[in-house]
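Chemist: Chain by chain, the residues:
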Amino acid sequence: MLPHIPTSPWLRTLYAAYIGAFFLYLALPLAVVSAFAFNDSNFPALPWQGFTLDWFIGNAAPRIGVFNDGAILKAIGTSALVSVWVAGLAVLVATTNAFLFERYAFPLKSVLYVVMLLPLVVPGIILGISILVFSSRIANFAQGELGLRINALRPGLPLVVLGQFSFIATMATLVISARLRKFDRSLEEAALNLGATPWQAIRHVTLPYLMPAMVAAGLVSILMSFENFNTTLMLVGSDAPLTVTMFDRLKQGSTPVLNAVSLLLMAASSLLALLVILFQRGARR
Amino acid sequence: MTAAPPDLECRAVTKAFADFVAVRGVDFSVPAGSFFSILGPSGCGKTTLLRMIAGFADPSSGEILIKGRSMREVPPNRRPVNMVFQHLALFPMMSVGENVAFGLRRRKVMPAEITRRVEDVLARVGLAGMSGRRIEQLSGGQKQRVAIARCMVLEPDVLLLDEPLGALDLKLREHMKVELKKLQSEFRTTFVYITHDQSEALVMSDTVAVMNHGVFEQVGSPRDLYFQPATAFVAGFVGDANRWQGRVEALSGNAVSIRTEDGLVLRAHAADGALAASDAVAVFVRPEAITLSREPAAMLGLDTGIAATITGILFNGANSRALVKVAGQREFEVAIPQTGAFAGLSVGDVVHLGWRADQARAYRAPRP
Amino acid sequence: MTASPAIRRITLALLLAPLMLWLGLLVVIPHIDMLLLSFTEKTGVRQYQPGLANYRTFFVEPVYWTIFLRTALMSILATLLTLVIGFPVAYFIAKLARGRSKAFLFLLCLVPFWVSELVRTFGWMILLRETGLVSGALQALGLVSGPVELLYNDAAIMVGLVYTSMLFMVVPLITALDSLDDSFIEAGYDLGGSGWSILREIVIPHAMPGIVSGSIVVFMLSLGNYLTPVLLGGKDSLWFTGAIYTQFITRFNWEQGAAFGMLLLVLSSLIVWLGLKLSGQTLSRTVG
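Read top to bottom, the protein sequences are chains B, R and V.
182 is the number that the UniProt record's numbering gives to position 182 of the first sequence; each next residue is one higher, with no gaps.
23 is the number that the UniProt record's numbering gives to position 23 of the second sequence; each next residue is one higher, with no gaps.
135 is the number that the UniProt record's numbering gives to position 135 of the third sequence; each next residue is one higher, with no gaps.
Simulated from the structure, these hints should not be mistaken for lab results.
Among these hints, one or two may not hold up.
[Unchecked claim] The calculated DSSO-like cross-link candidates involving lysine-lysine, where the alpha carbons are at most 27 Å apart (straight line), are:
1. 143/R - 95/V
2. 181/R - 67/R
3. 181/R - 143/R
4. 67/R - 171/R
5. 251/B - 277/V
6. 182/B - 74/B
7. 108/R - 171/R
8. 182/B - 102/V
9. 177/R - 143/R
10. 143/R - 108/R
11. 109/B - 277/V
12. 251/B - 74/B
[To be verified] The following residues of chain V were derived to be distant from chain B, with all beta-carbon distances above 12 Å:
13. 8
14. 11
15. 56
16. 57
17. 61
18. 65
19. 70
20. 110
21. 143
22. 238
23. 261
24. 278
We treat Cβ as the ideally placed atom computed from N, Cα and C, and that holds for glycine.
Please work from the sequences and hints to get the whole structure.
Modeler: The structure is reproduced here in C-alpha cells:
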C-alpha cells in the first residue's frame, strides 16, 4: 500500500482507525496519570471529586503536596546527583571510546566492540546483581584481609552510579561514534597543514564538531539515569533515587501525590527530550 | 476493416498538482512495436507522464488507452504495461530467477511453467543459467538485463523505461544503448523510454517527443528533430547550436535577413511560420553546419560568409571545435573537420566561415 | 595523522584504558564472579564449597523452573504481540505518512518513552484497578453490574509489557521500512502483485533486520522486566526477576540468586543468539 496506489476506501478507513486507536492506547495511561494529579480525593481513582492543587502545594496531612514532601524532594535531589555523575562519566568514556573504535586498529578490536555492546542486551537486573556480587566480594576481602572499610563498595549511591554507567556508556558511545564516523578527516589535515599540533587540531576542529552529539548523549544519559529502575533497585542503599522511592510508595498504596510527581517528571523529561532533538538537529548540519 | 489501435494512446492528458501543472494536454500515440522516447530536461513532466501510464498517478483530465482500452480506474497491477524503474528496483531479497518469476507467480502460473519461462527469457537477454545468482553479484549491465527480463517475461503490451541507463558509467551506457535497441527489435514490444540524454533518445528511437514545461514541443523522427527543429527550444536542446538574438531586417517568403544584437548580418530560414520586418528572433546555427576555410573563395555560393579570427581551439578528437570571433562581436563555435586540412590551425589565424540560409534557423523570440 | 609511532602507541593506551576499566570492572569480571558464586554451596555459617547445589535446587523445585518457563513463554508472547500491533503503525509512519505528519507521528510514538516506566505502569494501574477508569467505563456502559478488578492477572501483565516495549519495536521497524524505496513496492504492483503478496514477499523480507532487532530488544526487556509484573501482576506475578530479587534481598541467599541470574542470562543470550542466527544478522549491525 502506498498513498498513490488505489486501495479500497473501507480498508483505508479501517487502517486510519487502527492508527487512531493505537495512539489513544499510547496516550491513555499518561493522560490518566496527569489528570488524577488534580483530583480532589485521597486516592488516584474514580469518582472525580473536583479540581485541586493540593497534591502540588498542600502542606497538611494527609494532603502533603510534592513541593512539601521532604522524602520526595530528597529523592529528586538524589536522582539528579546520580544522573549528573552518570552523564558526565558516560560522555567522557564514550568520547574516548569513539576515537578508539573509529580511529585506531588494535588486536581484538572487533571482540571488544561486541563486548562493548553487550550491556545493552544483558537484563538490567543482572547487571545490577553482578556488580553487587563483585563489589561485595572486594569489600569483604578488604575488610577481612586488610582491615579496610570501603563503604563505596557497599550498596549505595556510588554503586548506583557505576551500575547505571555500565550500560548507559554503551548508548553514549554509539551516539558519539556515529557522529565521529561522519567527520571529514581532511578538516583535521587542513588544521595540521595550517600549523596546528595534532592535539590542537582535535581540540579546535574535531571536538567542536562532536559537541552536538556529546550534548545529546549527555542529555539522553540523564534521562536514562532518571528513569532507570532495575539496575538501581539491586544496588540502592539508604538514599533512594526517585524511581525507587516512588516504587516503595506505590506498593504501600498510592496517593495522588505520585500523580503530581509523575506529571512533573513528564514535563521535565519532555523538556529534556526536546533539547535532545534540538541538539541532534544541530548535529545534522 | 479498421486498423488495429495503437499500443499506447494519450488524449489531452493533463496532470495538475496543487501549485503547478506538470503535464499539460499531451496528445500522442505509439504504434505497435516501435521505440518511442520522451526527451526533456529534468522537471519537464516526463516522469509524471510515465507514472500516469504505469498507473502510479491519475491524470487530472484526459485519457490513456492501451491497445484501445481505457486505463481509467485500472490499478497498476492490472495494467498490461510493465516498467523498468530508474534504479531498476530489483528485489534484493530475491535471486535473479525469483525476481523474474515474481510476476508469473502472481498470475498463478504452474511452477514448472514458471521455471521454463524464466530460463527462456533469461536466455533471450543473454543471462542463461544465471537464475540462481543474487542481485548484488551482478554487474550494472546484467542488472539492466534482469530488469528488462522481469518485465518481458510477462509479455506486456508496452514496456516503460524510466531513464534506466542514468546510473551507468559512460562506456557501459554507450554499449547498453545498442543492446536495448537490439532487445527491442528482437522482442518486437513497444518501448516507451524517457530520458534527458539526447544521444540515448536519438540513437535508439523510432520516434522522439521533446517535452518541456509539461507540453510536447515536437514529435518526430530523430532526423526531423535534428534537421528541422520546430521550436527554438528543440533547436537549442537537440544537438549543439550557436545562438544569436537579433531582428528581421528584410524578408522574402521564408528567407530572412537578420541583424544580430552585436551587428552581424546573416541570412536564415524562418522556421516557425511567417515573420515580419523588425520582429525579434533567435537564430540557431549548428557548429558542424558551418563551412570552415582559409580561402575566401570557398564561401562563394553560401548565403552567409564572414571572416573571423580564431580565439581558441577546443580539441576533442572528432568533436573538435574552434572558437571564432569577428571583431566587436561575441565568440561562437565552429566544428573543425578532422581531415588533416586544419591540423595547423592556431589561435590568431584568420579564417573564412559560411553557411547556407537553410542551415540557420530563425524563430520568433519568446516575449521577455 | 602524522604522529610518531611512540606517541600513537601512548595515545592508543590512554584511549584503551577507560574502555578496559569499564568493561573489565563493571561488565566482564562481575559476570565471571557471579558465575563463580552460582557454583558455590553454603554448607554452614561462613562455610562454602564449590558445587552444583544452587542449580540442583532450580531443577528439583518445580516452582522455580515453572516460573522460569512461564517468564520465557510470556515474554515470547509479549514480543509477538508487540510486533503484530506495532508493524502496521510502523508501516503507516514509514510509508504512508508524508512530510510533517510523518515527523509528528514519529515523535508521538516516542513521547511515552521519555517518561519513566514507573509512571507508565502507574497509569495502567489507575486504568485497570477496581476503582479504575476501565471498570468505571464498563459500568457506565452497563456491561458489568459492579466494579471489576482488571489488575493482578496475566492479561494485565501482558498489556503493561506490550505497552512498555512498543517503542523498541516500532523504531527499528520504522527505520527498516523507511529504507525500503517506494519503487520496490511500485515494481511489485507493476508486475501484477497484490497488497498481500507484496507485503509477504517484499516488505517483510526487507524489514527483517528491523523485525529481528526489535524482537530481540523487546524479548530481552520483557524477560528482565521487574516493575511491570510486580505492579500489574501483584504478589502472584511469578516472574523470574522477582525470584532473583527475593533470593538476593529478602532471603539474602546470594548463591542461589546468582544461579538464577545466570540462568536468566543464559536464556536471554540464547534467544538473542538464536534470533541473530536465524536472520543472519550480527549484534554489531543490530544494536550498533
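Chemist: All hints are to be evaluated individually against the structure, with a verdict given for each.
Modeler: Verification of the hints:
1. 143/R - 95/V: Measuring from Cα to Cα gives roughly 26 Å; hence the hint holds.
2. 181/R - 67/R: holds, 22 Å
3. 181/R - 143/R: holds, 17 Å
4. 67/R - 171/R: Roughly 36 Å separates the two Cα atoms, so the pair is violated.
5. 251/B - 277/V: Given pair residue 251/B, residue 277/V is violated - Cα atoms ~41 Å apart, limit 27 Å.
6. 182/B - 74/B: Answer violated: residue 182/B to residue 74/B is near 42 Å, above 27 Å.
7. 108/R - 171/R: violated, 40 Å
8. 182/B - 102/V: Holds, because 25 Å separates the two Cα atoms, which is no more than 27 Å.
9. 177/R - 143/R: The given pair, whose Cα atoms are some 14 Å apart, holds under the 27 Å limit.
10. 143/R - 108/R: Given pair residue 143/R, residue 108/R holds - Cα atoms ~25 Å apart, limit 27 Å.
11. 109/B - 277/V: Holds, at roughly 22 Å.
12. 251/B - 74/B: holds, 19 Å
13. 8: violated, 8 Å
14. 11: violated, 8 Å
15. 56: The claim holds: residue 56/V sits with its nearest Cβ about 20 Å from chain B, beyond 12 Å.
16. 57: holds, 17 Å
17. 61: The assertion about residue 61/V holds, with a minimum of 20 Å to chain B.
18. 65: The claim holds: residue 65/V sits with its nearest Cβ about 18 Å from chain B, beyond 12 Å.
19. 70: At roughly 16 Å from the nearest Cβ of chain B, residue 70/V sits farther out than 12 Å, so the non-interface label holds.
20. 110: violated, 7 Å
21. 143: holds, 16 Å
22. 238: holds, 16 Å
23. 261: violated, 5 Å
24. 278: holds, 16 Å
Hint check: violations occur at hints 4, 5, 6, 7, 13, 14, 20 and 23; the rest are consistent with the structure.
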